[in-house]
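Asker: The listed protein sequences correspond, in order, to chains C and A.
All residue numbers for the first sequence refer to the numbering used here, where the first residue is 30 and numbers rise by one.
All residue numbers for the second sequence refer to the numbering used here, where the first residue is 331 and numbers rise by one.
Nothing false has been slipped in among the hints.
Where chain A lies over chain C, by a calculated footprint (3+ residues, C-beta under 8 Å):
1. 79-88
2. 103-113
3. 125-131
4. 134-142
Think of the hints as simulated: they come from the structure by calculation, not from any bench.
Note that the Cβ used here is the ideal one computed from N, Cα and C, for glycine as well.
Residues per chain, in single letters:
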Amino acid sequence: MSINGLEAVQLSKSYHVDSRQIVVLDNVSMTVQGGSFVVVEGKSGSGKSTLLSLLSGLDRPDAGTINLVGTDITDLSEDELAPFRNRTIGYVFQSFHLVPSLTAFENITFPAELNRDRQAAAKAKELLRRVDLTKRMNNFPHQLSGGEKQRIAICRALINSPQIIFADEPTGNLDSVNGEIIMQLLLELRRELKTTLVLATHSREISSKADSVVRLVDGRIENSSEKVNL
Amino acid sequence: MLHFRFIFRQINGSRNQAIIFIFCVALSLLILTSLGGFSSSVRRSMLQDARQLHGADITVHSHYPFSEPLLKAIHDYEQQGIVQGALVHKFYSMARNSRTEKSILSDLKVVEKGYPFYGRVTLLSGREFSEVLKEGAIIVDQVLLDRLQAVIGDTLQIGSALLTIVDVVTLEPDRPVSFFSFGPRIFIAAEDLEKLELIKKGSRIQFSYLLQVHDSALVDRLAEELSASTVKPQENVKTFRNADSRIKRFFENFLFFLNLVGMFTLVLAGIGIQTSLYAMLRESEYTIAVMKSVGATNRFIVIHFLAMVMVLGTAGTFLGLILSSLLQLYFPTLFAGILPANVTLAISWNVVFEGLVLGTIVVGLFSFLPLQRIRNLKPSFIFRKEIGKAPRGILSYSAVLLIVLFFVGLVIWQLEDVKIGLYFMLGLCALIGMTALIAQGLMFFMKKTTPRSLILRQAFRGLFRPGNATRAIIITLSAALAVIFSIYLIEQNLRATFIEAYPPNLPNAYFLDIQSDQKKEFADILGIEAEYFPVVRARLLSINNKPVNRDQEREKKGDNMAREFNLTYRDVLLKDEQMAEGDTLFGHMNNELANKEVVPVSVLDTVAEIGDINVGDLLVFKVQGLPLKARVTSIRTRTESKVRPFFYFVFQEELLKDAPQTIFSSVRIDRAQLAVIQNRLAATLPNVSVIDIASTVEILAGIMCKMSSIIQFFTSFSIVAGLLIVISSIFATRMTRIREAVYFKILGANYSFVVKVFTYENLIIAFSSALLAGLISHVGSWIVCRQVFSIAYQPLLSSTLVMIAGMLVIVVGVGLGASVSILQQKPINYLRDERQD
Ligand SMILES: Nc1ncnc2c1ncn2[C@@H]1O[C@H](COP(=O)(O)OP(=O)(O)OP(=O)(O)O)[C@@H](O)[C@H]1O
Ligand SMILES: [Mg+2]
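When you get a sec, could you build the whole thing from the sequences and use the hints?
Answerer: Spelled out as structure tokens, the structure:
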């Protein structure tokens, strides 16, 4: 079966603190349909970020396999993963993680330029227009507000038209109004581009907009509620 | 009340910067104590004891036998028991070993009993000098034994005498180093002087009367009284207090130059101290802001950071002292060949104390501005991470002024010369100011450039990440490199002019003191065509009736007008001469010249410049006791600055041909043949001195190379200061760099992309610094070569390329070394860092 979404099978991850072993993820399996919007939900410390980092290839599981849009990334080396990430995945983080030495515009074009995309500047300008930040394009991250930074981060995640976006509590550092704007933008843009979105949050309100919700409790999936055509 | 735990935490929190701070302090201390130790050792063992360096309380020098009134005055004092005297004759002559058929130009010293009055001539056998040097015996340098393949017991022919080698001299108190001599030393007892038959009219002999004054309070008065009995200007009375020795001057100049280099390195180490402290405080900014927001006073905070600086400064001081005592072990190797055997290099407590005081001041001065900044830090910093700005305004300017004043004071104190001290500081400020200005311009340009290549663009961007000390790095690296490279360029150019490119058509052997009646015999022995120049020895008494001030002249660093000159006569220009002023050598006949009261003279432009002599000036010479009035009719200049005989003053033949004279000859000859001729001359014309220019030049080149390597050794410490700042800058931006690397990777860049960005960044820094250094050193060396040495300047392009390449390798290497831990970070570990950008 060729997967245009994501399939994770029996993922486990544990950390060692001193000599104690902390099991963070325990035998987690999940499937995400291509083009869908999936929310990973759970209390703080339940393992959401860890799961997302495994699914997106930022970290390795102790056990299990991950297939991302048709590629088994479980055993890819760091240097094999890099170009794959560049073209296939977009990231949005809670703490924005913009490159401090680059302007807003350069932050957005960076992944496209890595991909040698001649249209990088044009695409970035279009995205900036969409998020209404054309006037801020030459600001450095430290000259932007939290909400502005996250809008830039979304543009950056989208510039290479990735097949899947991972967003880890993208509104966690923002007030409710700004959070709302960000969510709307994210959902709107992903719908237009038909991108798969995997989003971690503990907000019920956001979960309610998802195609499906994965609930994590202490590193295990409690129940996967498939929502049928809302 | 000090919270030691807090201080410790701060240091531990900024370990890397703390270590760099300590190294910079250690570096300045290392420079202060090792240079201080070296100078004080040299001064103590060689220059301090002026009596020993002088060999007597009073000496009278002359190039002619002493005049009757003077001898009478001395004998009177001797009879009254006030002084004890010893006559010393010094001159060059060939010494020939008839057993090995080898000969060499030697530096003879014929001494009477009593010499030396101070210090001790030490012999290889350990025996007493005065016991060994008897009639018929000679004591020689080891070099002479080697060169003549002689052994103790061999007999040497010197002049007309046959004398037996009885011992080897290991140390001569009044000549601690021998590299100013054209040949090895031979001590001869005064009883043998007559037998040598070398004291002839016109030959160059230095007559010295050494006097020991029993009551040291009388030295100055006696010197004055003796001076009244001398024939001026040829007889010259000096006391050990006002005597100037060439060796002393040489070492003073050398120490002086080393001191300049030391000061320079100290300034750069100071910049390192400042940079690392800035970085350390920047790392603590958050802590400081939090502390302030919960009510800590500025006083509390400043005191604690001051305490931290003191702790680190002390650690650096100790490290510096340890390193400098280790460095002492290397000194004998470093200085081998230019220091006499009796100099023991050791750091005295005095030097350590001096170093401590100066080191503390340096640390204090350079810490002032960074510490000042934490006062200005507002608690609101927690909320808005503004990029910290260096404090401006009256305080910061006065801090800079204080630093400049301190160094001016230090330089003047160390060099004991206000004018040169000020010049040096001015030069240093110009150098650093100029590099700063160009660096600023370069950085402006870099900020504006957006190369097409993504990697390059990232690298350029990286230069401006907050906390990077890009400008400080470029300034220190390029200033340090400029100084080192200039020294190299100048040395290489001097070498190229005088040594390597020794043109094949230039004479390589000089023959001195050929008597007029020996000319034919000499020409027969030589067997090939040679140039002959008559030489008449004379002194210059006055220029335009203004007497030449001997004391003032002798102070001059270059040539002076008070020495004895070699006059010559001929009617034509030499091959390498041109007229600079006047159309013929001796002008046109006029009344004055026709009356023969005044004779025409042609002057070389170099001496004209030293003595401020112009066409039409009246010069009065003293030739063998008789005055000779001369009118300057022309000024000549030399077309090449090469080793070729030249004469300052040229007269008409008919005017000087009857004066007592010798003949000087120069010839181009291969060295094997020269050895044969040298030997035959030593056997038949022993008064003729042979100077093997090639070997003399080789010895000089050796000394020059040695000195420049010593200076470069000390200058290289300034590069270390620059590299420490590179490391400090990388550590200071460690977090930013890690985050950048992590983000690059998340966004799909691979490992090599990140490595390339960091490498290019250092490449840009290294390349700019090297280019800047190259530019400054070429301009500087060009000026020095053309203006100071008047030699042709070769830019040495390949060396420049090697310098640039070396710089690239070093900086990129150090940069990558310091970045290894950054590059190895896994992205995931840093995404958890909740700090916002
Ligand atoms: N490097 C690590 N070493 C040890 N334990 C870790 C490490 N990273 C995460 N953990 C632990 O794993 C657990 C899950 O962490 P994770 O960040 O995935 O939770 P989360 O669901 O994203 O929480 P939040 O909603 O607060 O972001 C936590 O208990 C955390 O303490
Ligand atoms: Mg999380």
